[in-house]
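Protein chains: 4
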Amino acid sequence: MAKIGFIGLGNMGSPMARNLVKAGHAVQVFDLNDEAMSVAVQFGAKRCASLQEAAKGVEFVVTMVPTGKETRAVYLGPDGIIAHASPGTVLLDSSTIDVESAQAVGAAAKAAGFEMMDTPVSGGVIGAENATLTFMCGGEAKTFEKAKAILGGMGKNLVHAGASGLGQAAKICNNMLAGICAAASAEAMVLGRNLGLDPKVLYGIITTSSGNNFSLQYSCAIPGVVPTAAVNRDFKPGFKAALMLKDLRLAQDAAKATGTPTAIGAAATQMYAMLDRAGHAELDSSAIVKLVTGDL
Amino acid sequence: MAKIGFIGLGNMGSPMARNLVKAGHAVQVFDLNDEAMSVAVQFGAKRCASLQEAAKGVEFVVTMVPTGKETRAVYLGPDGIIAHASPGTVLLDSSTIDVESAQAVGAAAKAAGFEMMDTPVSGGVIGAENATLTFMCGGEAKTFEKAKAILGGMGKNLVHAGASGLGQAAKICNNMLAGICAAASAEAMVLGRNLGLDPKVLYGIITTSSGNNFSLQYSCAIPGVVPTAAVNRDFKPGFKAALMLKDLRLAQDAAKATGTPTAIGAAATQMYAMLDRAGHAELDSSAIVKLVTGDL
Amino acid sequence: MAKIGFIGLGNMGSPMARNLVKAGHAVQVFDLNDEAMSVAVQFGAKRCASLQEAAKGVEFVVTMVPTGKETRAVYLGPDGIIAHASPGTVLLDSSTIDVESAQAVGAAAKAAGFEMMDTPVSGGVIGAENATLTFMCGGEAKTFEKAKAILGGMGKNLVHAGASGLGQAAKICNNMLAGICAAASAEAMVLGRNLGLDPKVLYGIITTSSGNNFSLQYSCAIPGVVPTAAVNRDFKPGFKAALMLKDLRLAQDAAKATGTPTAIGAAATQMYAMLDRAGHAELDSSAIVKLVTGDL
Amino acid sequence: MAKIGFIGLGNMGSPMARNLVKAGHAVQVFDLNDEAMSVAVQFGAKRCASLQEAAKGVEFVVTMVPTGKETRAVYLGPDGIIAHASPGTVLLDSSTIDVESAQAVGAAAKAAGFEMMDTPVSGGVIGAENATLTFMCGGEAKTFEKAKAILGGMGKNLVHAGASGLGQAAKICNNMLAGICAAASAEAMVLGRNLGLDPKVLYGIITTSSGNNFSLQYSCAIPGVVPTAAVNRDFKPGFKAALMLKDLRLAQDAAKATGTPTAIGAAATQMYAMLDRAGHAELDSSAIVKLVTGDL
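Residue numbers (the working numbering), protein chains in the order written: chain A, 1 to 296; chain B, 1001 to 1296; chain C, 2001 to 2296; chain D, 3001 to 3296.
Rather than coming from a laboratory, the hints here were simulated on the basis of the structure. The reader is advised that the hints may include incorrect statements.
Simulated DEER-style distance windows between Cβ atoms [unchecked claim]:
#1 Pro2223(C) with Ala49(A): 47 to 55 Å
#2 Thr228(A) with Asp1295(B): 38 to 46 Å
#3 Asn3011(D) with Lys2156(C): 42 to 50 Å
#4 Lys2156(C) with Gly3224(D): 24 to 32 Å
#5 Gly1259(B) with Asn11(A): 35 to 43 Å
#6 Gly3259(D) with Ile1126(B): 45 to 53 Å
#7 Ala3049(D) with Gly152(A): 56 to 64 Å
Remember, it's a predicted structure, so these values are computed and weren't measured experimentally. Glycine residues also receive a C-beta, built at the ideal position from the N, C-alpha and C atoms.
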């Protein structure tokens, strides 16, 4: 079992840290929110007084923060993890952030003699709670081998996407498609219903034909078609529209950085931006159907 | 075995008629192209001198023409099938056309005492040749039961989508999604490659994650990822970009007719319109990747 | 002064007919709505019992109906204007319709020996009331010369756009741009305000720079910038969003018919389709800003 | 007359510095490109050995660099302008950059006791050469008053857009509209031509109607309509497509930062991204018409 410093105890980070404790690791935590730390103490983690303390004297540091700005803040500079971690510590950033920040922090870690991976996840809060997350990992193969033991306590699908930053790259390419398919499937299903088709019949046809996609299959936004879909529980998430918008925008940032045209990705991003403005960012991402039905 | 009048011997119609002959039916054909009729005679069909002759004295009429305009032309008016078919003939239009025309012709047939279904197909020329087409059928249940025997000679997946016109409706909803996913998947794969990801690794990640879709899975537009994909044979179709554009535009027509917003569908339509203008309509629909790479 | 048959007394047609009376013409009218005819009698027009009666024995017929379907219905067939008008009558259709219908009806009129023009208008209800409409005319030059005397009583800007159908073509090209600029200007002004700019200052900068456009200049959708703009009267129209959507869709139809890519036109069309679904079609077209602010 | 340090002698910076010399100011320059400095010496500027030397002992520093990254690099840190400029120096950054960087650098300058303005320009290389640029200025009113004397030597339209960063904000809002109108006007004109309209007639109609906009009026992308337009000289710029794409992407960054939906802005951005990929970034921005005609 390993000694792990865990930083960032939000909706995702808290259950992830708990699963590391459950898996038998010695976990010390830090978060600016003291209440979140109290919860962590209750499930068996050790409270640290600072980011620096949490990062010191452990074999692994795992971070889970909102954006690239926070990742840079917690890793870089004289107060950062890289300046305070003990030699040989493996650094794992599970935040979903822009590729550029991931590569910048990865390069800084390497320059300081650390092995680091970007290890963003998919699977949402439920995946975090059930330890069924997918980890998309960017960094060296040897680091991936070391990280497996730890990540395996929090998820069940561990993928080595490539070099530093490419865990993030894989995640945003995948999630851009997921966001597009959510919006497009809502359009197709509402169009079909408006033309007079029984949504269940249409669902059956599309999911066995060339229009099939994961979003439609598991999150069909028409009531009564897929019983477990969020539309049947007033769009209680699941995967929040706000997070889908965040990921779609990360994809647009990556498209800008690489000069890649993404007309469909941009159109989906704008739909989520409108949904957000209309006040529905906290609903499940399948609520994008509201822009198609006008039920805003 | 049945007596069938088959009208429209194009790329799709010709192999469909041949499979009806193979299945043991007595097939009489008509097409304005005399050469196409000669081919049909060779595979065992009977040549008719006119549309009207082909439609007379048979149990089923099957039509396969390019657009709603031609469907209206061959069925309606004093020279049309409805005016010349023998009482009790079942009329099956396998053309892919707008819902409005399908319903107008269906209503005219019904008013004249005929059972009629719109029975558009998916599966392309290969499906037509191998008798593996999917038929999406719109009309009454009793007509669907009668049509099955005939359609089963040309395809293997027969779906009753609902009332008259809803075969077309189901097809265009499905194909709108297929067109969107083709364009979106090209964007995601090129974006990933530009970020430094190995396309095979990225393909493996997405096809097991929330971005998965049929277009990516079977028609990935990056060379060397899916061996059977059109990108590996210079985009020789498969399903032509011109047909994808046609179907996307039918979806836009249906969206207009029903007042359904389809922002993503419209964006995909425009990409195919640009690909068409750039001279690539005869390539496989996965050639939409050219707008993303700039290889035009 | 001329004898005129006027068909279609809606929001636009009624004040147009009244201005023809005011200009000294003898105007006989027909509309399916009897109340609209009573109003017309009060301003000095003669009530006719039928479309056919209104079209007979006059020098000019002017029609003002909602869509190409109605234009075809009132002109074509055994009960239509072409079958009942007296020889030598000049036919003017001021409806805003699709180019294809305009050309089909124009061709039928010509085949029957009539001169006909499509003469769609811009300027809205206020322009109709004040006789300040712009007429975009499609047909022969000699017909345009004859039409001028009549149209001059209803508008002040008479343009000969070209051959039959090209009046409609010019209108939808113009209105597509107007719709795009309305949506885009809303985006730019809200973006600027969100960045902290004073909307009046930003308006002053853009209207004297390369972003200037008619929609922004006269219909700026931020309150308090342009006093006469609809935003300052709860979006009371002006030019209804429903009509903007109609015109944008006519442009999309024309784009389809000619194979012209219009990615920006399609994106604007979809925004108006979403505004419509959200229940705001009866507001002024500048209410498109609601999708940008989220105030839906 | 003033002592001025000028940093960044590219296509824009070089003629701007020359106009400052012409206006009688004492100008000392620095650029990493030695050849550019030799040119500056020929028109009367003084060569400096370093950025720091150029920024020292002057009343004004003017910078003209490509992106926010370079602006941060030349102003911030121990080697930056803020660390080396003499007390009381007024700092003017004429680069077109993201609002966030402009505000960050502005705040750093203020914290160090300097007055600073973001003063991005419009008018292109021709405006720079002829001293007819427009300057959109963000900073305090008293700084704007001081800056006027200097900026007046390089341009003729000086606008105070508001506080720090709002010069950039105004520019990108304006240029987003300009980019949209360029693409949309190309669509409208090609659509009209494809419908059979004479482009000159259509141009005449739109420029006097509700579709009018600056891009169409001065840069109509159909040959032979506006003699001075870039289309008539093989799209020799003018304002390069690459710069239009840069500005559209800055607008998308600002939209992201403020949570503003910009569906039309995003669609135009993607068209320019496709034009760039197709190899036409160095042409005039009106070359966006190539995506509409397919002449790629």
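Structure-based check of all given hints:
1. Pro2223(C) with Ala49(A): 47 to 55 Å: Since Pro2223(C) and Ala49(A) have Cβ atoms about 51 Å apart, the given range 47 to 55 Å holds.
2. Thr228(A) with Asp1295(B): 38 to 46 Å: The hint (38 to 46 Å, Cβ to Cβ) holds, given that Thr228(A) and Asp1295(B) are roughly 42 Å apart.
3. Asn3011(D) with Lys2156(C): 42 to 50 Å: Since Asn3011(D) and Lys2156(C) have Cβ atoms about 47 Å apart, the given range 42 to 50 Å holds.
4. Lys2156(C) with Gly3224(D): 24 to 32 Å: Hint holds: Cβ distance 29 Å, inside 24 to 32 Å.
5. Gly1259(B) with Asn11(A): 35 to 43 Å: holds (38 Å)
6. Gly3259(D) with Ile1126(B): 45 to 53 Å: holds (47 Å)
7. Ala3049(D) with Gly152(A): 56 to 64 Å: holds (58 Å)
The structure is consistent with each of the numbered hints, conforming to all of them.
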